[in-house]
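Peer 1: The residues making up each chain are set out below.
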Amino acid sequence: MNPPATHGAQNLQDQGKWDRVATSAQFQDLLARKRAFIIPAFLFFIVYYLLLPILVGYAPKLMSTRVLGTMTLAYLFALSQFLVGWTIAGFYLKASVKFDCLIQDLLVKLDDSEGGE
Amino acid sequence: MSIALAVFLAFVASTLGITYWAAKRSRGASAYFAAGRQITAWQNGFAVAGDFMSAASFLGIVGLIALQGFDGLLYAVGGFVAFVTILLLVAEPLRNTGKYTMGDVLAYRLRPRPVRALAALSTLATILFYMIAQMVGAGALVALLLANSGISYNMAVTGVGILMMIYVVFGGMLATTWVQIVKAMMLSMCALALTVLVMRHFHFRLGDFLAAASRVAYHQKDQLVVRDFLQSGLRYKPPDDRFDFLESGIHLWDGRTAAHPGEVLYRA
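Those protein sequences? They're chains C and S, same order as listed.
The numbering used here puts the first residue of the first sequence at 586, with every later residue one more than the last.
The numbering used here puts the first residue of the second sequence at 2, with every later residue one more than the last.
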């Protein structure tokens, strides 16, 4: 009825296996690649978002400029947040496919090395 | 019977039908609490969208933009930014664990029993405060929709509460997921229909629509005022309130990021 109660971290045999994975160059490379995407993407978006209330509050003249007909720069900037957010999500989706390939690769190699022992 | 009442009753009847169907299918604890862990990503996505299109965010944000123009728009943007934050910082690390709930992941990595207890406790605490706001909104809405049918605000809140309990108690996660999917689709279609109707009023010319929004005339304290709803300043008066505006911007982002796990990640 319930899923089997095997807690990977608590299984000693598994523990050794996962320790080896954690120290392997391939896994470290995967983590580095993830960080190289996640951290810049997150920082860029947060700075982009916080610029909105900062600019509206501290540069009201600039932000109330009419850019398209009666549309103000502030409103356009606010709406662009949705576009930029979806774009980042799209980039993440593409990157995650690559991450999954690397993980699959890692698991296949792990199985091979287990079989060789 | 008014149209509003008929639509409302039709929605209640169809959601109760879903609950009955789910109750017949649901067997065992995992089936009840996590829909047998068989909800697909698309179904879950629609259900999360349905969760988010609640009385507070769906109607509240529309109302804020309608009354406060640009300053209200910040509420929509802040909530959206929180979703991207969750995607990158919370969902990403959880994705490859192959688990379905936040509790599953933590119980796998740590000692299961205390983690489960704490996860349940924190979920209940978050949901409780969230629910109070939702119940007030739902009650006010139902009382407004059925204004001429003799249903009072108290009766509406009680009725909505009983209905929610029936969905959850008898239907479990499967029923609530499908109710949210139906809700998300209906609300999306209604929003689209309203957009088309509003744009029709302006002969489908975006320029005309924006021009009208930039000079909205209304009465305030018996005086006719004309305001620009595309500019900041209807809620936050520059330059005195500029820090308030920034503060709201930050809180809408971090507050929403903290609140989404309550409403969304419990499901994810």
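Hints should not be assumed to be uniformly reliable.
Okay, the calculated beta carbon distance ranges per label pair [stated by the list, open to error]:
(1) 190(S) with 694(C): 22 to 32 Å
(2) 60(S) with 698(C): 38 to 48 Å
(3) 189(S) with 609(C): 43 to 53 Å
(4) 636(C) with 190(S): 27 to 37 Å
(5) 616(C) with 192(S): 39 to 49 Å
(6) 96(S) with 609(C): 44 to 54 Å
It is worth saying that the hints were derived from the structure and are not from the lab.
Ideal Cβ positions, reconstructed from N, Cα and C, are used throughout, including at glycine.
Peer 1: Confirm or reject each hint.
Peer 2: Structure-based check of all given hints:
About 49 Å separates the C-beta atoms of residue 190(S) and residue 694(C), a value inconsistent with the hinted range of 22 to 32 Å. Our hint of 38 to 48 Å for residue 60(S) and residue 698(C) is violated, since their Cβ atoms are close to 57 Å apart. One distance hint, 43 to 53 Å for the beta-carbon pair residue 189(S) and residue 609(C), holds here, with the actual separation near 46 Å. The given range of 27 to 37 Å is respected by residue 636(C) and residue 190(S), whose C-beta atoms sit roughly 34 Å from each other.
Between residue 616(C) and residue 192(S) the beta carbons are some 41 Å apart, a value that agrees with the proposed interval 39 to 49 Å. Under the hint 44 to 54 Å, the C-beta atoms of residue 96(S) and residue 609(C), about 20 Å apart, miss the expected range.
Of the numbered hints stated above, those contradicted by the structure are hints 1, 2 and 6, listed in ascending order.
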